[in-house]
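Participant: Assemble the complex: chain A is given as a structure, and chain B must be docked to it using the hints.
So the sequences go chain by chain: A and B.
Residue 356 in the working numbering sits at position 356 of the first sequence; the count goes up by one each step and never skips.
Residue 1086 in the working numbering sits at position 86 of the second sequence; the count goes up by one each step and never skips.
Just so you know, the hints here were simulated from the structure itself, not pulled from any lab data.
Here are the computed lysine-lysine pairs in the PhoX-like style, where the Cα-Cα straight-line distance is at most 20 Å:
hint: 1; chain 1: B; residue 1: LYS1182; chain 2: A; residue 2: LYS45
hint: 2; chain 1: A; residue 1: LYS288; chain 2: B; residue 2: LYS1109
hint: 3; chain 1: A; residue 1: LYS508; chain 2: A; residue 2: LYS404
hint: 4; chain 1: A; residue 1: LYS30; chain 2: B; residue 2: LYS1063
hint: 5; chain 1: A; residue 1: LYS541; chain 2: A; residue 2: LYS601
hint: 6; chain 1: A; residue 1: LYS265; chain 2: A; residue 2: LYS33
hint: 7; chain 1: A; residue 1: LYS33; chain 2: B; residue 2: LYS1063
Note that the structure is predicted; figures quoted are calculated from it, not measured.
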Amino acid sequence: MSKVLGIDLGTTNSAMSIFENGEAKIIANKEGKNTTPSVVAFTDKGEIIVGDSAKRQAVTNPKKTIYSIKRIMGLMFDEEHAQEAKARLPYHIINRNGACAIEISDKTYTPQEISAKILMKLKEDAEAYLGEEVTDAVITVPAYFNDAQRKATKEAGTIAGLNVLRIINEPTSAALAYGLDKKDAEQILVYDLGGGTFDATVLETGDNVVEVMATGGDAFLGGDDFDNRIIDFVANEFKSQTGIDIKSDVMALQRVKDAAETAKKELSSSTETEINLPFITADASGPKHLVQKITRAKFESLIDDLVESTIGTLKSVLRDANITKNDISEIVMVGGSTRIPLVQEEVKKFFGKELNKSVNPDEVVALGAAIQGGVLRGDVKDVLLLDVTPLSLGIETLGGVTTKVIEKGTTIPAKKSQVFSTAEDNQPAVSIHVLQGEREFAKDNKSLGMFELRDIPAAPRGVPQIEVTFDIDANGILTVTAQDKGTGKQQEIKITGSSGLSDEEIEKMVQDAEANRAEDEKRKALVEARNNADALIHQTKKSLTDLGDSFDAGEKANIEIAIKDLETLLKNDSATKEQIEDKVRILTEKSHKLAEAVYAKEKGGKKQTATKKAEDDDIIDAEVE
Amino acid sequence: MDKEKQETSIDAEIEISEVQEHNKSSDDELSEIERLRAEVAEWEDKFLRTHASFENSKRLLAKDKATAVAYANESFASDILSVIDSLDSALNMINVDESENNEFMKKMKEGLTLVDEQLHKVLEKHHIKPVDCNKEYDPNVHQAIMQVESDKHNSGDIVQVLQKGYTIKDRVLRPAMVSTAK
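Here chain A stands alone, though its shape is the one from the complex (with noise of 0.2 Å):
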């Protein structure tokens, strides 16, 4: 079954989504865009070009490229929207049977037919990506938008060969994007400030539907009005400097334009930046630099009327709801601008609540889209939804470490294995002590369980194979076996709630771990060096006794006393890693010799069971392994 495309047509861009796996993702265009403009060209050549070259072409072509289409989308010739579009678009909107329709050349569109257009881009573009055909889709529209409008926003995708399985609202699509369709009874206010319009809007959550209460907003103010104050700074700062001015020089001001956008989006994320437009023009006395530093606070009073204004809207919005500001219980915001640090805290302010912000502001329409189209489809209540494990979970091991078996988040049910070995010679059994947490040592984190594998044959330390698994299933009960791999003979136990700890307790488990980690990795360190100093001492000791007589007796004392020395540092319990290294390193040097011995002694056993040695040989690799 072909999947839903989930579109946000817009009025300057569109966007388009699917929902994938239980998720919501955007699809670029095919010039590797998230959003396409919306707009639709007739070149001389006889093309129709839609989107990004359509756009750039505007100016050479103003009779036959169409924009804003969507401001006469399903209204009459004689409406009043409809003759203020005419009045201010270049192309010519013409009486078709009382609805408006569009005269290019000698031909005629409807609304829909152009907007087709843009829909059957987006379509090709998806169905590029996806290497699958599209044909169902849901279609957003604004909140205001009456039968007519809407009627007409459907035939358009009709017109593109999709099959529109629903037209719903903007502010409704944010609502689903953060899953607030859920919510029972509540009302949620919608705050869409994009590039060109701003439109709140007053939502009721019930019984699984979702209602328009009131909107209202400013259809002429936005992120570019932003744009054209900081430029408006800047080129009065530069002639009372200059006596130049900027905005008469075309190429200047499109540079200066350019800048002003990067200054802006700067200023979301610093309090700081600096316009650096150097040789931006010369006069009489030579090159120009412009060199303008602004404040975040600056560009705060360049722009403070605007977002004033977008109060006072949403003060009449809510007044149209019959509703206080007290009774709003989420706030969503939509359209890149509301990314403006005084937008959000002003918005903050009014409502005295956390804002909905986390989803892309540019995308979270499309999304929602695309989440209504998997929700007609069925996929979401087909998608199973899994839990993951929100803890890590493993073992103690020697020095106190906790050594982890299955990572926190991952997605459970799941099976992991590892295999262990003896810390001791002739250790006749392990202790699983099975522990849940982040910190590196076993005592900071919560002991699920302990349980012991006995009868492990007498063997040297590490030798033994011990495999444990940790298997969860899909109700999250934990069972930790663990098996010797010599024998067979294996021992489990099985841990019910392992993940019954409440979300304030894991948050703090994860908190936890990150502010003691330094220290953590630092004590970590000093106990693998311990570890390794002890495995050192063993192994040499070992050599010394198989070499016995055959090893010079000077070299070998001297080597004892190099273990001595680390094993009296090893007792001191203050000893630091860079201590036990140093001795470690002294005693590797000094059993050199010893090492040399132990080879050759090892390859003259080789020469003579040469086809014996070499097959235990392989077999060690493959226990090793």
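Facilitator: Below, chain B alone, put in the same frame as chain A:
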């Protein structure tokens, strides 16, 4: 004799009711088996669909990753353009006539031109190229920001390049800003 018969008949009744019970539980078993068969088929279907969906996701993820890697430099390239613009502006402003005796300025211009060439070589190495403006107007790479009168050009042709454009691989990084003839 009667007692025997009674016993037999009771046994028979018990047998019959046992048989009936057996049949009933057989029926129950049969319908249970049917139900289980249907459930198994459902799970099998779900499993296969999930697996297929997983395969599709892998394919798309691989595609996304390849694209991300191929265009990893896009954001950096975009930012460096304004630096290139500044350098271009500087070069344009150094108008040194060959006849002028300003050796220092000549050398500066020469040097900066070499820097410019060096910069463009680095860009090209990373598949960033200037947009060709010596051809017909192409809205895919040229952005017309104004129309001017010109007797030397055909209508719609590029008259002047106001800001250079660049492409990265097969994407437009920034279109060239041009004026076209009315």
